[in-house]
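Colleague: In case you want the letters, here they are:
There are 2 protein chains.
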Amino acid sequence: MTHQEKALSYAKENKEKFLDNLKEVLEIPSVSTDPAHKDDMLKTAEWLVEKLESLGMENIKIYPTPRHPVVYADWLHAKDAPTVLVYGHYDVQPEDPLDEWITPPFKPTQREASLHARGASDMKGQIVATLSAIESIVKNDDFPSNIKFMLEGEEEIGSPSLADFMESHKELLSADFCLNPDAGMLSADTPTITYALRGLAYAELHVTGPSHDLHSGLFGGAVRNPANTLMKLVGGMKDEDGKITLPGFYDKVRDVDAEERAELAKLPVDEALLREQTGSPALWGEKGYSPVEQIGARPTLDVNGMLSGFTGEGAKTVLPAKAMAKISMRLVPDQTPEEVYEQLRQYVKENAPEGVECEVKALHGGNPSISERDGVGVVAMSDAFEAVWGKAPLFKREGGSIPVVGDMQKILGIESVLTGFGLPDDRIHSPNEKLDLPTWYRGIDALIHFFYNLG
Amino acid sequence: MTHQEKALSYAKENKEKFLDNLKEVLEIPSVSTDPAHKDDMLKTAEWLVEKLESLGMENIKIYPTPRHPVVYADWLHAKDAPTVLVYGHYDVQPEDPLDEWITPPFKPTQREASLHARGASDMKGQIVATLSAIESIVKNDDFPSNIKFMLEGEEEIGSPSLADFMESHKELLSADFCLNPDAGMLSADTPTITYALRGLAYAELHVTGPSHDLHSGLFGGAVRNPANTLMKLVGGMKDEDGKITLPGFYDKVRDVDAEERAELAKLPVDEALLREQTGSPALWGEKGYSPVEQIGARPTLDVNGMLSGFTGEGAKTVLPAKAMAKISMRLVPDQTPEEVYEQLRQYVKENAPEGVECEVKALHGGNPSISERDGVGVVAMSDAFEAVWGKAPLFKREGGSIPVVGDMQKILGIESVLTGFGLPDDRIHSPNEKLDLPTWYRGIDALIHFFYNLG
Chain A
35 MTHQEKALSY
45 AKENKEKFLD
55 NLKEVLEIPS
65 VSTDPAHKDD
75 MLKTAEWLVE
85 KLESLGMENI
95 KIYPTPRHPV
105 VYADWLHAKD
115 APTVLVYGHY
125 DVQPEDPLDE
135 WITPPFKPTQ
145 REASLHARGA
155 SDMKGQIVAT
165 LSAIESIVKN
175 DDFPSNIKFM
185 LEGEEEIGSP
195 SLADFMESHK
205 ELLSADFCLN
215 PDAGMLSADT
225 PTITYALRGL
235 AYAELHVTGP
245 SHDLHSGLFG
255 GAVRNPANTL
265 MKLVGGMKDE
275 DGKITLPGFY
285 DKVRDVDAEE
295 RAELAKLPVD
305 EALLREQTGS
315 PALWGEKGYS
325 PVEQIGARPT
335 LDVNGMLSGF
345 TGEGAKTVLP
355 AKAMAKISMR
365 LVPDQTPEEV
375 YEQLRQYVKE
385 NAPEGVECEV
395 KALHGGNPSI
405 SERDGVGVVA
415 MSDAFEAVWG
425 KAPLFKREGG
435 SIPVVGDMQK
445 ILGIESVLTG
455 FGLPDDRIHS
465 PNEKLDLPTW
475 YRGIDALIHF
485 FYNLG
Chain B
35 MTHQEKALSY
45 AKENKEKFLD
55 NLKEVLEIPS
65 VSTDPAHKDD
75 MLKTAEWLVE
85 KLESLGMENI
95 KIYPTPRHPV
105 VYADWLHAKD
115 APTVLVYGHY
125 DVQPEDPLDE
135 WITPPFKPTQ
145 REASLHARGA
155 SDMKGQIVAT
165 LSAIESIVKN
175 DDFPSNIKFM
185 LEGEEEIGSP
195 SLADFMESHK
205 ELLSADFCLN
215 PDAGMLSADT
225 PTITYALRGL
235 AYAELHVTGP
245 SHDLHSGLFG
255 GAVRNPANTL
265 MKLVGGMKDE
275 DGKITLPGFY
285 DKVRDVDAEE
295 RAELAKLPVD
305 EALLREQTGS
315 PALWGEKGYS
325 PVEQIGARPT
335 LDVNGMLSGF
345 TGEGAKTVLP
355 AKAMAKISMR
365 LVPDQTPEEV
375 YEQLRQYVKE
385 NAPEGVECEV
395 KALHGGNPSI
405 SERDGVGVVA
415 MSDAFEAVWG
425 KAPLFKREGG
435 SIPVVGDMQK
445 ILGIESVLTG
455 FGLPDDRIHS
465 PNEKLDLPTW
475 YRGIDALIHF
485 FYNLG
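Taken in order, these protein sequences are the chains called A and B.
The working numbering numbers the first residue of the first sequence as 35 and each following residue consecutively.
The working numbering numbers the first residue of the second sequence as 35 and each following residue consecutively.
For the record, the hints were derived by calculation from the structure and aren't laboratory data.
Treat the hints loosely; a few may be bogus.
Because identical chains share one entry, a pair is satisfied inside a single copy or across any pair of copies.
[As the list claims (entries may be wrong)] Taking lysine-lysine and the DSS-like style, the derived pairs with C-alpha atoms no more than 25 Å apart in a straight line are: (1) 46 <-> 350; (2) 444 <-> 321; (3) 204 <-> 300; (4) 395 <-> 40; (5) 356 <-> 277; (6) 395 <-> 356.
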C-alpha cells in the first residue's frame, strides 16, 4: 500500500471524525458583519489554530486587523516541491431570516445526505475538507508539498483588511499558486475548476445643466436637458453589435482562442437555461461570442441605476437640473479598473456637448484574474478530480468578481485554483444552507490526490 | 364728449370704487384645492353674480360642476357687432407658506403703488379690471359689443371640469373669440399680447427585460439591459441639430414666416437673459431658430424624469429588470397630442430591440393654440394698448401650456386674445403676491378702448 493509498484509507475510516470536526466549528456563530459576534470570530480563529497545530503546522499566528483577524500557518519542508497558499474565510453570512430555518442555523443537523447549518457549504465545509485531507496524509507520511494558510474573517463583508495584509506580508505569503476552495461545482457529477473571474470598474456619471429645475414649457427647447444628454451619452456607449465604444476599451482584452472556446462550449449552460434563469424574453450580447463567452470571457458595460427629475405618479413638467447614472463595466484580463475609468472619462470628454457639465466618479474597482489552465496547480487539481470522479473537470470562467483573487494576482503575483465541493442548490447566504456529504467526502479524497500530485 | 370719452372719464373718477370692489373679492379666500374653502368658492361665485347683475348682464347663472361652479352671464343686444367670450378664474392658489407674508394674504393691503393679497394679480385683479371697464361703459351708453362670461373656479387645480362644461354648452358659449386676461405683460412699459401657446403630450416609456433584477456579474453581457436600452432609445430621439427624430414629427408643424420672426425678434429676451434665468452654462436648441423661437414657436422633447435600478449611495451590481422615463413633447400648431403619441409609439416600435418589451403610456395632453394676429380681437386689443400706452404691444408666443385656450379652440372653435396687466414680479403663486395699481388702472382704460374698438 503506497502512502497515498494509506491516506485515502485513513480518510475512509475517519469520515465520522471529520464530520464531528465540521459540526464543532459550525456551532460557532462567526457572523462577521455583526459586532455582537466579535468574540465568536476570535473563538473560530482559535479553533483553527488548534487544528493546524494538531496537523504539525508551524509559524501559526493570529494576525489582528482593524476588524477580524487573519490566521496564518505553514509547513515548508518539502524539498523541490511547489508551495501552495491555501485561502479560506472562516466568517459566515448572517442567519436572517431565522424563522425560515427548519433546524437552527448554528445547530448542525443531518437530514438524509445533507448537513444543514450556516457556513456548511460557504465555506467552513471547504476549510474542514482541506484540513481533513491534510490530516489523512500527515498521519501516515511527510507532507508532499509546501503549504501555507491564509484564513480571513472578513470575506462576507468585502475583505476590507485583506489587501493591506497581503501588501505588508508579501514575503510571508509568497507561494507558487493559491488554492481557493470557495468556488463550487456545476453539479455533483461535474467537478469544476473556475480559472478566470471578471473584474469590475463601477462609476457614477453625473450630468448637470441649469442651476435649478426649470419649467419645461417656459424653457424647453432652448436649454440642454441633462437627462436627455445623459441618455444620449450612455446610449452611445454600446453599438448595435454589443461592442463597447469607449476609446481603447478592447486594447488590453485577451482574446479566447479556439481551444478555450471548445472547452467553454462543453459547459452545461445554454440559451434556454439562461433564459429560464433570467426571465429575459431573448438573450443579447456582443456579436460573435456565445452567451457563456459573453458572460465569462468578454467585458461588458451595464447601467445599474439611473435617476433624474420627477419620478412619482403623474405628469410634472420639470426640466431637471441634473441626472445621474450608475455604470459598471465587467473587465477581463488584462484590463484594469484604472485604465477603464480613464477610457470612460475620455469618452465623456469627447462626446459631452456644450451646455452641460459632466463628471465621472470612480466608486469601486476590482482586477480581473485568470489562471493558466496548464499551470502546476490547475493540472494537479484536474488530475485529482479525474482520479476520484472518473472524468476530467469542466473549466469555467465566472462572470462575477472575487476581489481577493484579483488582488492576490496583483499583490502577490500568484494565480488561484478556484474550486470547491459546494453545489448550486446549497442555498448559501439563504436559510437552510446545506452541504452534500457524499460530494464532500469525494472532495476530501480529491484534495489528497491534489497534494500528492504536487509532490 | 363722446360716449367713449365719458366712459374713460367715469373710470378716472371711480378709481377708489373699483379698488374697493377688488379688495372686497380679495377678502374671500377662494382656494380651490382646499375642501375647507368650498363655501368660500360659492361665496365668490355669488359675489360675481351680484356684480354682473349690477352691470345689466343677463342669463346669469351658477352652473354646478363636480367640484366648483362656473359663473355664466351675457349681454347680446349689439347688432352687427362681434361677440366676445370673457374667460376668467375666480379661484386662487393656496397661501402657504403663511409666515412669509408681510401682511395677511386675505387682508388686501396697499403699500406704495401695490396692492398685496393672494389673487390680486392672478387673477381677481384682471376680472375686476374687466368688470370696471364694463361698468364705465354701461353707466353712460349701450354696450358696444356682445359679451359673454365664463368664469371658472378650478383653474389652479387644472380645470378638471371645464372641457366637459364647454362640450355640453357649445351653443351657450358660442362667440367670435375669447378675451382671456390671465396672461401678463413683459414689463409695465410693455403691453403684451400672447397669441400662441404650446401644447403638450406627456408620456411614460417603460422598458422591461428580465423577470427580476439580476446580478450584473453572473449575467451581464448576455442579457439586454432595460436601462441601457431605454437610454439608447431616448438618446436617439433628438439629433445633433436638436431636431426630433420621431417619424412625421414635423409634418404638421406650422412654420414661422419672416414677418413673424421679425416681430418675435423685438421681444426683450436674449441669450444673456435666458442664461441668467436658467443658470445654464450655454443655451442649445433646434438649429436655425433663435432661443425665443425655440421656446415659443418650435416643438421640443424633454425628459422630465427617469428611474431604474439602484440609485442609493455606493455600488450595487444589479442588472435592473426595468427602466422608466417620463418624456414630454411641447407641441405647436397644428400638432395634436394624439398624433404625437402615435409617432412616439411608432418610433419605439421601429427602434426597440429584441430582448426587451417597451410600453408607451400617454399621461396628459393639451392642444397647442394660436390666434391670427390680424383677427378682430387681437387688432382691437392692440389698438387699445396703443391708445393708452402710446405704443403697439409686443406679440409673444408662450412656451408653456394653458389647456383652456387649446380646449376652447378645439371644442368651441374660437381663438383667444391672451393678455392682462400682471407683471413678471407680481409673485403669483408665492407669498406677498401683489398688483401694480398704476398699470391696473391703465388696463381698465385699455379694456374700455378694446370694447369700443369691437363696436
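Colleague: Does each hint fit the structure? Answer for all of them.
Modeller: We went through each hint and held it up to the structure:
{"no.": "1", "hint": "46 <-> 350", "in the structure": "neither (71 Å within a copy, 44 Å between copies)"}
{"no.": "2", "hint": "444 <-> 321", "in the structure": "neither (31 Å within a copy, 51 Å between copies)"}
{"no.": "3", "hint": "204 <-> 300", "in the structure": "neither (38 Å within a copy, 75 Å between copies)"}
{"no.": "4", "hint": "395 <-> 40", "in the structure": "neither (58 Å within a copy, 72 Å between copies)"}
{"no.": "5", "hint": "356 <-> 277", "in the structure": "between (28 Å within a copy, 22 Å between copies)"}
{"no.": "6", "hint": "395 <-> 356", "in the structure": "both (15 Å within a copy, 24 Å between copies)"}
Hints 1, 2, 3 and 4 from the earlier list are contradicted by this structure; the remaining hints agree with it.
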